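Please take these sequences and the hints and turn them into a complete structure.
Taken in sequence, the protein lines are chains A and B.
Using the numbering used here, the letters of the first sequence correspond one by one to residues 1 to 284.
Using the numbering used here, the letters of the second sequence correspond one by one to residues 1 to 284.
Because the hints were derived from the structure by calculation, they are not lab data.
Just so we're clear, the structure is a prediction, and the values are computed from it rather than from any experiment.
Please note that the accuracy of each hint is not assured.
No copy is singled out in the list; a pair is fine if it fits within one copy or between any two copies.
Below are the DSS-like pairs computed for lysine-lysine, each with C-alpha atoms no more than 30 Å apart in a straight line [claimed, not checked]:
{"#": "1", "residue 1": "Lys56", "residue 2": "Lys273"}
{"#": "2", "residue 1": "Lys24", "residue 2": "Lys239"}
{"#": "3", "residue 1": "Lys209", "residue 2": "Lys156"}
{"#": "4", "residue 1": "Lys173", "residue 2": "Lys153"}
{"#": "5", "residue 1": "Lys109", "residue 2": "Lys273"}
{"#": "6", "residue 1": "Lys28", "residue 2": "Lys153"}
{"#": "7", "residue 1": "Lys209", "residue 2": "Lys153"}
{"#": "8", "residue 1": "Lys56", "residue 2": "Lys28"}
{"#": "9", "residue 1": "Lys105", "residue 2": "Lys209"}
{"#": "10", "residue 1": "Lys273", "residue 2": "Lys104"}
{"#": "11", "residue 1": "Lys156", "residue 2": "Lys56"}
{"#": "12", "residue 1": "Lys239", "residue 2": "Lys69"}
Protein chains: 2
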Amino acid sequence: MLYVVGLGLGDERDITLRGLEAVKRCEKVYIEAYTSLLSFGLSSHGLSTLETLYGKPVTLADREMVEEKADQILSEARESDVAFLVVGDPFGATTHTDLVVRAKKLGIKVKVVHNASVLNAIGICGLQLYRYGETVSIPFFTSTWRPNSFYEKIQKNRMLGLHTLCLLDIRVKEPTLESLCRGRKQYEPPRYMTINTAIEQLLEVEQLKRESAYSEDTECVGFARLGSEDQMIVAGTMKQLQLIDFGLPLHCLVITGQTHPVEEEMLDFYRPKSENLEQQDNGV
Amino acid sequence: MLYVVGLGLGDERDITLRGLEAVKRCEKVYIEAYTSLLSFGLSSHGLSTLETLYGKPVTLADREMVEEKADQILSEARESDVAFLVVGDPFGATTHTDLVVRAKKLGIKVKVVHNASVLNAIGICGLQLYRYGETVSIPFFTSTWRPNSFYEKIQKNRMLGLHTLCLLDIRVKEPTLESLCRGRKQYEPPRYMTINTAIEQLLEVEQLKRESAYSEDTECVGFARLGSEDQMIVAGTMKQLQLIDFGLPLHCLVITGQTHPVEEEMLDFYRPKSENLEQQDNGV
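Right, dumping it as structure tokens:
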């Protein structure tokens with residue numbers, strides 16, 4: 001049996017009782033490294049909080065490992081109970097559909113334990129979740145690669161009066177150009193896009209396209225470390241948010257569509273009070 | 001302090017460790033009755049599973065109580081720790097924004113504990129969550145009230161190639177017409193829309209509008225009891241799904257937009273195998 005278990009967004013206490021039962025039952029436990037290293041403040045040597053809670057060792061599985069060693073993980077799951085842990089929900093922003101498809105094709109039973117993901121946790125800002133359009137991803141621009149397909153999607157959402165969730169780029173374990181040339185594996189340091197960079201890129205594309213999909217006066221909501229004890233949520237125009245230091249990653253950004261009075265009322269709690277930014281605290 | 005705690009979708013084991021800690025700390029615990037009675041198989045006299053887990057009594061709060069006694073709940077939260085439990089995520093399909101806004105206006109601290117909601121748990125069918133457009137609600141038609149604003153929204157989503165989540169009507173504690181006339185409180189028995197009824201209404205509106213937003217051959221995914229041990233997920237055309245008995249509520253329906261090969265591959269696992277419907281089991 002392959003258990004795909006969502007860990008939620010904050011820390012080790014965001015696992016569900018059902019998820020914890022599953023992990024305790026499993027002989028082998030993997031955790032995807034792509035976002036977990038960051039979200040849970042883990043390092044390759046720092047899985048101990050989780051391991052203490054689970055009472056067993058946890059193997060960090062980076063993208064390469066999941067791709068290269070999927071056969072091994074799946075053959076273990078055929079013989080015994082294996083847990084694959086994922087930050088957020090298993091089918092949230094990052095999908096693990098491929099591993100599940102491969103398991104099902106091999107006739108291995110798969111059970112999914114759901115949890116919160118960024119896609120529903122953004123509801124906390126008061127913008128109604130059913131009034132969001134297509135989600136977009138903002139990739140890091142380079143000198144030669146500045147893809148802007150997100151622009152048209154935001155434009156369509158806003159024409160329909162809908163909000164847009166912008167997921168911001170995460171670059172973890174990217175091989176250096178040099179190492180690609182030399183065939184030796186060396187990696188760039190991890191990079192996580194800030195809200196400031198995202199807005200800079202968004203405004204650059206608006207400057208280029210000039211179709212008024214949005215402007216520096218468009219109302220947005222910036223989220224940093226959503227679901228964790230020191231989460232920060234600020235509502236304001238792009239221009240306002242660009243001046244704010246949201247601190248450590250992960251960040252994401254919502255561009256509002258048409259807002260209703262009840263949405264506005266809730267957003268007001270997140271607007272910067274003159275020189276006194278309200279830092280929202282979700283600690284329990 | 002007011003804790004607004006998401007319970008997830010299945011049963012009492014879907015609360016997170018963080019949520020359970022919060023509940024254990026609280027002096028008073030309310031649970032919203034609107035969907036919890038059903039999702040958790042609870043009755044007004046059957047809160048004992050939760051009460052045993054939490055080690056304290058739980059007060060069932062129906063919509064009237066939340067509206068009429070919000071002042072009481074909030075004044076308790078001002079003096080001590082109060083938990084308000086919500087099926088799914090606090091800001092999922094049903095929102096509790098109003099209670100949170102009132103608490104914040106009174107200066108009462110609010111902490112939110114997130115959990116899975118139907119909005120992200122539908123990801124299990126393989127349709128990518130970022131490729132959904134606006135969510136629609138399908139209300140029960142009556143002889144005199146047949147609102148169809150969902151039609152245009154589905155049409156727009158499908159024109160953009162996006163999937164549409166249809167939330168199906170729940171009618172709990174609706175006063176009878178007779179009781180409204182007599183001023184005595186009597187309620188209709190609860191009603192939960194099935195996938196079959198939803199498709200019937202959808203096709204009726206298509207017949208009326210004739211704009212080909214969708215047809216009986218449009219691919220959909222039906223979900224019953226999502227996230228619980230006996231959940232049932234079936235992919236097929238509207239015509240096919242209309243013949244299927246999905247069993248007990250809650251039901252919801254996804255109308256596909258353009259599907260990618262990886263989405264199709266996953267949907268294939270949920271297609272009815274000749275006279276042998278695959279019932280998906282999420283039990284852990």
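Tested hints:
1. Lys56 <-> Lys273: neither (47 Å within a copy, 40 Å between copies)
2. Lys24 <-> Lys239: neither (48 Å within a copy, 43 Å between copies)
3. Lys209 <-> Lys156: both (14 Å within a copy, 24 Å between copies)
4. Lys173 <-> Lys153: Within one copy only: 29 Å inside, 41 Å across.
5. Lys109 <-> Lys273: between (52 Å within a copy, 17 Å between copies)
6. Lys28 <-> Lys153: neither (41 Å within a copy, 45 Å between copies)
7. Lys209 <-> Lys153: both (13 Å within a copy, 27 Å between copies)
8. Lys56 <-> Lys28: Within. Shortest intra-copy distance 8 Å satisfies the 30 Å Cα cut-off; inter-copy 36 Å does not.
9. Lys105 <-> Lys209: neither (45 Å within a copy, 42 Å between copies)
10. Lys273 <-> Lys104: Answer is between; shortest inter-copy Cα gap is 15 Å, intra-copy 52 Å.
11. Lys156 <-> Lys56: For lysine 156 and lysine 56, the Cα distance exceeds 30 Å both inside one copy (48 Å) and across copies (49 Å).
12. Lys239 <-> Lys69: For lysine 239 and lysine 69, neither the intra-copy (45 Å) nor the inter-copy (42 Å) Cα distance is at most 30 Å.
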